[in-house]
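Construct all of the structure, not just a fragment, from the sequences and the given hints.
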Amino acid sequence: MMLGRKNNVSEETEKKTERTIITMSAIPTTPNSNDVNRIALGSKFTGDLATENDIRIDGDFEGRLYCAGRLVVGEKAVLKGDFFCNNVDFSGKLTAGNIYAQETLSLKPNCTITGNLFFKRFQVELDSRFTGSCKVLAEGEFAKVSAPVAAMLK
Amino acid sequence: MDNNVNLNEVSRLSAGTTFKGEISTSGDIRVDGKFDGRLTSKGRLVAGESAVVNGDVICQNVDFSGKMDKGTFYVADTLTLKGTCSVNGDLRYKRLQVDLDAKITGNLRALQDNEFSKLANQPAHKAEAEPQPAKTEEK
Chain X
64 MMLGRKNNVS EETEKKTERT IITMSAIPTT PNSNDVNRIA LGSKFTGDLA
114 TENDIRIDGD FEGRLYCAGR LVVGEKAVLK GDFFCNNVDF SGKLTAGNIY
164 AQETLSLKPN CTITGNLFFK RFQVELDSRF TGSCKVLAEG EFAKVSAPVA
214 AMLK
Chain B
930 MDNNVNLNEV SRLSAGTTFK GEISTSGDIR VDGKFDGRLT SKGRLVAGES
980 AVVNGDVICQ NVDFSGKMDK GTFYVADTLT LKGTCSVNGD LRYKRLQVDL
1030 DAKITGNLRA LQDNEFSKLA NQPAHKAEAE PQPAKTEEK
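If you're matching them up, the sequences are chains X and B in order. At the far end of the first sequence sits residue 217, using our numbering, and the numbering has no gaps. At the far end of the second sequence sits residue 1068, using our numbering, and the numbering has no gaps.
Do not take every clue at face value.
As the list claims (entries may be wrong) - SDA-like, lysine to any residue: derived pairs with alpha carbons at most 25 Å apart:
no.	chain 1	residue 1	chain 2	residue 2
1	X	K217	X	N161
2	X	K156	X	K171
3	B	K949	X	K171
4	X	K183	X	P172
5	B	K1047	X	G105
6	B	K996	X	N161
7	X	K107	B	A1049
8	B	K949	X	P172
9	B	K949	X	P211
10	X	K143	B	D998
11	B	K949	X	A206
12	X	K107	B	T1007
Calculated directly from the structure, the hints in this document are not laboratory data.
Written as structure tokens, this is what we have:
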């Protein structure tokens, strides 16, 4: 019963995310279409990124990333480094590093993770590949570890 | 940006985002946030009114409405400076368009043949080590 409910919640979240993206592609003139950061396939970002908004990665990112919203990592994305986010949906590849999710960290089918995961809530779907350690965040731990990158927003 | 461009293929730094480092992309990129570093794009850079861009920008085309405090544009084709922009830096381009009320401080110079391809293939650290004005004088 519990499991069933959990799955429903995650499916709804996923549908919502998908719907947002579809709406954005269909209506490029929507004022919100520029609110979501995007690292497209064929793009490589190396460095530190901090954002108040959501971000979707389909390309390569290496460095540190702070996201006050949701990080969505597409199937073809390749990531390396430290990621501090509120929520994470991960379908791509993490070659090395750490992911800190203040709320929910969700590993999607066919994702490949080599690294350490820190979170409040954790969900792993079948066919995720995960090598590393995972740990529930302690009180105040997220704010502490994310502070250096989050400070870029000030 | 053209309406027929698939938004999923455009990289984007939104307002409320700060990025420091290096970006290289085979496609277009839109910036509304803050960027500091080196950006290489085989496509078009569109910088919105809220954008703050510092560092080296090496692109095929640029539409710039934002602010540059310190940096250099290397544009293989057309550099368009919109009326809302404020640029303090060096501009290298093949073709230049400046709208009324654009605020520009710095050097403007058309790119010589092959100059852009040399630049675009240079690794980041080499580009910084080799000051561009000196290179110009040699020619």
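Hint check results:
1. K217(X) / N161(X): 24 Å, holds
2. K156(X) / K171(X): Satisfied, since the Cα-Cα distance of roughly 11 Å is no more than 25 Å.
3. K949(B) / K171(X): Roughly 29 Å between the alpha carbons, so the hint for K949(B) and K171(X) is violated.
4. K183(X) / P172(X): 20 Å, holds
5. K1047(B) / G105(X): Satisfied, since the Cα-Cα distance of roughly 21 Å is no more than 25 Å.
6. K996(B) / N161(X): 34 Å, violated
7. K107(X) / A1049(B): 15 Å, holds
8. K949(B) / P172(X): 32 Å, violated
9. K949(B) / P211(X): 13 Å, holds
10. K143(X) / D998(B): Roughly 30 Å separates the two Cα atoms, so the pair is violated.
11. K949(B) / A206(X): Answer holds: K949(B) to A206(X) is near 21 Å, not above 25 Å.
12. K107(X) / T1007(B): Judged against 25 Å, a Cα distance of about 24 Å means the pair holds.
In this structure, the earlier hints numbered 3, 6, 8 and 10 are contradicted, and the remaining ones agree with it.
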